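K.L.:
Sequence:
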Amino acid sequence: DLMVQAGVCLKSEGGRVYDRYRGRLIFPIRNVSGTVIGFGGRVIGEAEGQPKYINSPETPLYHKSEALFGLDKAKAAAHQEDRVYVVEGYTDVLALAQAGVANVVASMGTALTEQQLGRLSRLTRNVYLCYDADAAGIGAMQRALTLGRRMNLSLHVVRIPDGLDPADYVLAGAGGDGFRALAADAQ
Numbered sequence: 066d067l068m069v070q071a072g073v074c075l076k077s078e079g080g081r082v083y084d085r086y087r088g089r090l091i092f093p094i095r096n097v098s099g100t101v102i103g104f105g106g107r108v109i110g111e112a113e114g115q116p117k118y119i120n121s122p123e124t125p126l127y128h129k130s131e132a133l134f135g136l137d138k139a140k141a142a143a144h145q146e147d148r149v150y151v152v153e154g155y156t157d158v159l160a161l162a163q164a165g166v167a168n169v170v171a172s173m174g175t176a177l178t179e180q181q182l183g184r185l186s187r188l189t190r191n192v193y194l195c196y197d198a199d200a201a202g203i204g205a206m207q208r209a210l211t212l213g214r215r216m217n218l219s220l221h222v223v224r225i226p227d228g229l230d231p232a233d234y235v236l237a238g239a240g241g242d243g244f245r246a247l248a249a250d251a252q
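Residue numbering for the sequence shown follows my numbering, starting at 66 and increasing by one per position.
Errors might be hidden in some of the hints.
Claimed, not checked - 25 Å max Cα-Cα, derived SDA-like pairs, lysine to any residue:
no.: 1; residue 1: K129; residue 2: G79
no.: 2; residue 1: K129; residue 2: N96
no.: 3; residue 1: K117; residue 2: V101
To be verified - Quick list of the computed label-pair ranges, beta carbon to beta carbon:
no.: 4; residue 1: R81; residue 2: Q115; range: 11 to 21 Å
no.: 5; residue 1: E179; residue 2: L75; range: 24 to 34 Å
no.: 6; residue 1: D250; residue 2: Y83; range: 39 to 49 Å
no.: 7; residue 1: S98; residue 2: P122; range: 18 to 28 Å
no.: 8; residue 1: R107; residue 2: G79; range: 23 to 33 Å
no.: 9; residue 1: S77; residue 2: D250; range: 47 to 57 Å
no.: 10; residue 1: G241; residue 2: S98; range: 18 to 28 Å
no.: 11; residue 1: G99; residue 2: Q163; range: 15 to 25 Å
It should be emphasised that the hints constitute simulated quantities derived from the structure, not laboratory data.
Remember, predicted model here, so these are calculated numbers, not experimental data.
Even for Gly, the Cβ is constructed at its ideal location relative to N, Cα and C.
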């Protein structure tokens, strides 16, 4: 019952309990202190009829509108460099971190909320949005810019070349230095 309440397992109508994240790569979602509060799962390979990503449901510990993937690891670098990069997904955070860009978090989708921006504002007033260049990413950046202005944050847009996301860009050979060069030209 506790596993079902935590959103790790699901219960079928027949009462059978099964793993919510079966066949997926699991990403632990931690709070700013490093305590695991939820999970994200990415389907491995192609799975027809299934969403590519799933996150934990809302629980007493996990609130998607407040959580930022990687915040526990990025907070020191964000404070030190006085900037934080916000990307869409887990793999973007991991690829950038492996390339030496430590001050990066993911909003776990395209919606960046007022609560998430509030958490980031405790680390820095300089927020760099690095969303995908698709319609959803562009729309999310516009909404975040409106929210950020209202919160008196300095928001910048890092333009990733068309057809790539931040992970693809750094893994294609640009590395951390290439990403930082794009960020230096942020609008």
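K.L.:
For each hint, tell me whether it holds in the structure or not.
P.N.:
Outcome of the hint check:
{"no.": "1", "hint": "K129 / G79", "verdict": "violated (29 Å)"}
{"no.": "2", "hint": "K129 / N96", "verdict": "holds (11 Å)"}
{"no.": "3", "hint": "K117 / V101", "verdict": "holds (22 Å)"}
{"no.": "4", "hint": "R81 / Q115: 11 to 21 Å", "verdict": "holds (19 Å)"}
{"no.": "5", "hint": "E179 / L75: 24 to 34 Å", "verdict": "holds (30 Å)"}
{"no.": "6", "hint": "D250 / Y83: 39 to 49 Å", "verdict": "holds (48 Å)"}
{"no.": "7", "hint": "S98 / P122: 18 to 28 Å", "verdict": "holds (22 Å)"}
{"no.": "8", "hint": "R107 / G79: 23 to 33 Å", "verdict": "holds (28 Å)"}
{"no.": "9", "hint": "S77 / D250: 47 to 57 Å", "verdict": "holds (52 Å)"}
{"no.": "10", "hint": "G241 / S98: 18 to 28 Å", "verdict": "holds (26 Å)"}
{"no.": "11", "hint": "G99 / Q163: 15 to 25 Å", "verdict": "holds (19 Å)"}
Checked against the numbered hints listed earlier, the structure breaks hint 1 alone; every other hint is satisfied.
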